[in-house]
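Sequence order for the protein chains is A and B.
Just so we're aligned: the first sequence equals residues 1 to 273 in UniProt numbering.
Just so we're aligned: the second sequence equals residues 1 to 273 in UniProt numbering.
A few of these clues could be false.
Unchecked claim - Cross-link-like lysine-lysine pairs, in silico, BS3-like; alpha carbons within 30 Å at most:
(1) B/112 - A/263
(2) A/43 - A/266
(3) B/216 - B/88
(4) B/216 - A/112
(5) B/266 - B/43
(6) B/266 - A/112
Unchecked claim - Which bits of chain A does chain B cover? Going by a derived footprint, with three or more residues having C-beta under 8 Å, they are:
(7) 110-118
(8) 139-151
(9) 155-168
(10) 202-212
(11) 220-234
As the list claims (entries may be wrong) - Listed below are several chain B residues computed to face chain A (Cβ distance under 10 Å; list not exhaustive):
(12) 210
(13) 211
(14) 214
(15) 228
These aren't lab readings, by the way, just hints derived from the structure by calculation.
No residue lacks a Cβ here, since even glycine has one placed at the ideal position from N, Cα and C.
2 protein chains.
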Amino acid sequence: MSNAPSLSRLSLNQITTEQWSLEEAVQGCLRHDVPWISVWRHKIHEIGLSQSRKLINDAGLKVSSVCRGGMFPAPTPEERRERIEDNKRAIEEAAELGTDVLVLVCGPAPDKDIDSARKWVEEGIEELIPFAREYGIKLGIEPLHPMYAADRSVISTLGQANSINERMQSDHVGVVVDVFHVWWDPNLYREIERAQGSILGFHVSDWVVPLPDIFKARGMMGDGVIELRRMRQAVEAAGYHGPIEVEIINDAIWNQPGDDTLKQMKERYTDYV
Amino acid sequence: MSNAPSLSRLSLNQITTEQWSLEEAVQGCLRHDVPWISVWRHKIHEIGLSQSRKLINDAGLKVSSVCRGGMFPAPTPEERRERIEDNKRAIEEAAELGTDVLVLVCGPAPDKDIDSARKWVEEGIEELIPFAREYGIKLGIEPLHPMYAADRSVISTLGQANSINERMQSDHVGVVVDVFHVWWDPNLYREIERAQGSILGFHVSDWVVPLPDIFKARGMMGDGVIELRRMRQAVEAAGYHGPIEVEIINDAIWNQPGDDTLKQMKERYTDYV
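Bound-form chain A, shown alone (with noise of 0.2 Å):
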């Protein structure tokens, strides 16, 4: 379609092969002409951290995102400081790779206590910054959906993550739209529009009705009810034109061949984002 963005764009998130291990998804990648793959920490550490890198050097792959820090929230002093120290170990995977931006799942509250959560994680960016900037990374601020706000994540909102990246002003700091959290939002594309120059990543799925499971509840594009053409213009129209992950999980994508699962990414991209 005129419309589609273009396949030199297109990232595989490796979540969405989690059958696969990153050299099987490199290969994957290779096999289908996907430019671009974002790495999940759990599989550079089956293999290492340089094992990982020559992997995706080898075969010219460009690193969108490295997933994820973040989980900032914890009950005790000691602990929110061993978060903030995986986040720098993850901030150096990231840079190793050869990515600018780590996405950061900010974590869920310890007790019922949501406020001291939102600022523990605010706390959290902050002081990460000059790490990062050291490093030559940039933190992605990615608001989960509300369904995600007591086991995963007590950032909820594009909103909110806007303040957080405005009160932080800095470069190594941003936002990341991911469709499937952000799509129900009253003030979706006003806040799209108050991201601008701000945004580090745009993450692709669906969302499918009856949803097959809550954390294992994305669909392929074009299953489901999302307006993925419309919130790709908007983010673009807020300036980014970097790589478009798809990010799918899902048990039945997760048991189907890889191979199956890139080829369908590419047409459902080409036709619905």
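Let chain A serve as the given structure and place chain B on it in line with the hints.
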């Protein structure tokens, strides 16, 4: 506990004892000294409106609300007209049962066009106002959790509900605050304050981790992460001192004896709400 709300405000939302008929629910409320009940239309229709009224009046119960009107969006003008007519029947039923509140679950979009669906919701509410006024009924716009935006309601935040309410400028429209739907919202307390004088209902349950199901998702008060007392005090500060409905949609609770549920919900109401 000294900060607990008076038991004179406690209401059984009938979906909490979905296994019971209206007659069983009314008898249950009598046995457990629960002074209010919120009645669901599918339970009314099982035995008819006049029999429902007689059961409730004979027991001396007060009706906090009827659930539910709404479901405004539909693909054709004819279908939207039918939805309006059904809402008028719901208003008549609410008036007949002696409550002044009809809870609106506003409905999903029939397609991907969420903006049009939101417009139809607003047009539907506006059209109902004269009819609601005639019957002495207030229309309570209940924002539903964003996880239901695709299949139950395109009204997803209290801010959205407040904005519609403000545009309606009618004493016969207001908002309903259900903790399960709005607890995650970073603007929650600001929006409760903004709803000053317009809150028509307050519903309690809890958000448990992990969520047991997507639809049958709610937990008993105290079993989850929601700051129930803080929210109850906030709606009071915003002028709401009416009945507090316990509304829990949960398979395990539906499978236990209704008397156990009423006993437990009274205890938890006192301890946590």
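Hint by hint, here is what the structure shows:
{"no.": "1", "hint": "B/112 - A/263", "in the structure": "holds (25 Å)"}
{"no.": "2", "hint": "A/43 - A/266", "in the structure": "holds (23 Å)"}
{"no.": "3", "hint": "B/216 - B/88", "in the structure": "holds (28 Å)"}
{"no.": "4", "hint": "B/216 - A/112", "in the structure": "holds (22 Å)"}
{"no.": "5", "hint": "B/266 - B/43", "in the structure": "holds (23 Å)"}
{"no.": "6", "hint": "B/266 - A/112", "in the structure": "holds (21 Å)"}
{"no.": "7", "hint": "110-118", "in the structure": "holds (count 5)"}
{"no.": "8", "hint": "139-151", "in the structure": "holds (count 6)"}
{"no.": "9", "hint": "155-168", "in the structure": "holds (count 4)"}
{"no.": "10", "hint": "202-212", "in the structure": "holds (count 4)"}
{"no.": "11", "hint": "220-234", "in the structure": "holds (count 4)"}
{"no.": "12", "hint": "210", "in the structure": "holds (7 Å)"}
{"no.": "13", "hint": "211", "in the structure": "holds (5 Å)"}
{"no.": "14", "hint": "214", "in the structure": "holds (5 Å)"}
{"no.": "15", "hint": "228", "in the structure": "holds (9 Å)"}
Checked against the numbered hints above, the structure breaks none of them.
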